[in-house]
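4 protein chains.
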Amino acid sequence: MNCTAAHAMLNAALAEAHRMNVSVCIAIVDAAAWPVAFLRMDNTILGAIDIANKKARTAVLFQMDSAEFAEIAHPNAHAYTLENTNGGLISFGGGLVLKDADGTVVGAIGVSGASTADDIAIATVAARTLNA
Amino acid sequence: MNCTAAHAMLNAALAEAHRMNVSVCIAIVDAAAWPVAFLRMDNTILGAIDIANKKARTAVLFQMDSAEFAEIAHPNAHAYTLENTNGGLISFGGGLVLKDADGTVVGAIGVSGASTADDIAIATVAARTLNA
Amino acid sequence: MNCTAAHAMLNAALAEAHRMNVSVCIAIVDAAAWPVAFLRMDNTILGAIDIANKKARTAVLFQMDSAEFAEIAHPNAHAYTLENTNGGLISFGGGLVLKDADGTVVGAIGVSGASTADDIAIATVAARTLNA
Amino acid sequence: MNCTAAHAMLNAALAEAHRMNVSVCIAIVDAAAWPVAFLRMDNTILGAIDIANKKARTAVLFQMDSAEFAEIAHPNAHAYTLENTNGGLISFGGGLVLKDADGTVVGAIGVSGASTADDIAIATVAARTLNA
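Residue numbers (the UniProt record's numbering), protein chains in the order written: chain A, 1 to 132; chain B, 1 to 132; chain C, 1 to 132; chain D, 1 to 132.
Source of the hints: derived by calculation from the structure; they are not laboratory data.
Since this is a predicted model, take the numbers as computed values, not measurements.
One should not assume that every hint holds.
What the hints assert, rightly or not - Beta-carbon label-pair distances, calculated as ranges:
{"no.": "1", "chain 1": "C", "residue 1": "M20", "chain 2": "B", "residue 2": "A101", "range": "28 to 38 Å"}
{"no.": "2", "chain 1": "D", "residue 1": "D100", "chain 2": "A", "residue 2": "G103", "range": "43 to 53 Å"}
{"no.": "3", "chain 1": "C", "residue 1": "A77", "chain 2": "A", "residue 2": "W34", "range": "31 to 41 Å"}
As the list claims (entries may be wrong) - Residues from chain B that face chain D, not an exhaustive set, calculated with beta carbons under 10 Å:
{"no.": "4", "residue": "A32"}
{"no.": "5", "residue": "W34"}
{"no.": "6", "residue": "A121"}
From the three backbone atoms N, C-alpha and C, an ideal C-beta is built for every residue, glycine too.
Work the whole structure out from these sequences, hints included.
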């Protein structure tokens, strides 16, 4: 995940959130889960900062979207407590794993602050810029 | 949340707890979740200190009472694991978000140490002093 | 350190800070270093919250004022690194150990936000209410 | 510190770092020390992520640049150990407190990854966009 690509994703997410008229935090991490880019829009609830970061972290650490992660890391699923590892992970949508054209994981994006469905929609639009 | 208002809320909560004959911790934070005022009554269990702080923190970070937060941050609700973000949040009552007369969030109060119903009752009495 | 005594100290410190026209945080802990009372005045720098707490914590954990603690816990003093124990301690003034009339340690007060000399002066005025 | 202003500062810092041919992390926080924007340029050492954040945090929590903070929070200065409060602060340059045209603190910027002199230069260029 280079800086130029992350910056472009940040701008795409920001534009989409403005278009949808919602306020979110956007966090982008590299393949090793280190932060690359972050932005908090005006009027986003403060609690969303940590959630956006953790959604991105969850997606890259397990190479799956946080909505998929929720299916295994849940009191009623087979890997209950998995969500409590790695400093706390997120078992709902809004974190997307990012792959290059060859399918190699290059990082992840996490969006938080709107409804879960909107968070996913914004992250999806941003992710599309990656291999465009 | 200015110091004078927080001090008045602290005193109102203390008076109500004395009237109800229970012992609690009272924590008041500003709109950015920074502590403004805190008091622990005699004979309050030590575990209540962290809980009162986290109840207030939960309410302000998500701009909803901790009892409402419980409805989304719960193993059976759609945002399970939300309660594990932001250093640990509280999914039961006793944290109230505080708004000024215009509806702007100015902070939150958390009460802990008695029953949840009593904690909520004390926080509610204290919150009423804010725009009185 | 009971709640009534802590509350009276808080009020005395607040009055003295107003009189001196400075803004501070005031933290009072019991003999086991658990928080009893805290107040942050308007316009106090946010960094002072943690410092006031750590000054009180330092004083009670080592049963000496934080200004005395500084003489031993310093790169040039015999117990260098002592200041890095117990979650981080404070090697400058503003934390006072509190004793009852019999000399038993009952807690500590920490004041931060003004100059160190003013912080000490405010804490001293507040401490005097204890056995008055 | 609104999102638009922070985004503009991020872009200005990025452009200046490119011009100087160095790689840095840029962190921008609001007046309550909550993150607003962050960017890590390609080839920046990973250790700089935390430093950029802590430089910004130091500047806003004490309402002074981190280079000024160094003069009081140092083994040979009067408030030694101050640097160990608030989760760890930074006693060298690269964190600048940001004020609006009226002198009100609105946040801070931290830059890390190049030499301290270069970090300060980049932060200074970015800060100038604020009230331009």
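Against the structure, the hints:
| no. | hint | verdict |
| --- | --- | --- |
| 1 | C:M20 x B:A101: 28 to 38 Å | holds (33 Å) |
| 2 | D:D100 x A:G103: 43 to 53 Å | holds (48 Å) |
| 3 | C:A77 x A:W34: 31 to 41 Å | holds (38 Å) |
| 4 | A32 | holds (3 Å) |
| 5 | W34 | holds (6 Å) |
| 6 | A121 | violated (30 Å) |
Hint check: a violation occurs at hint 6 only; the rest are consistent with the structure.
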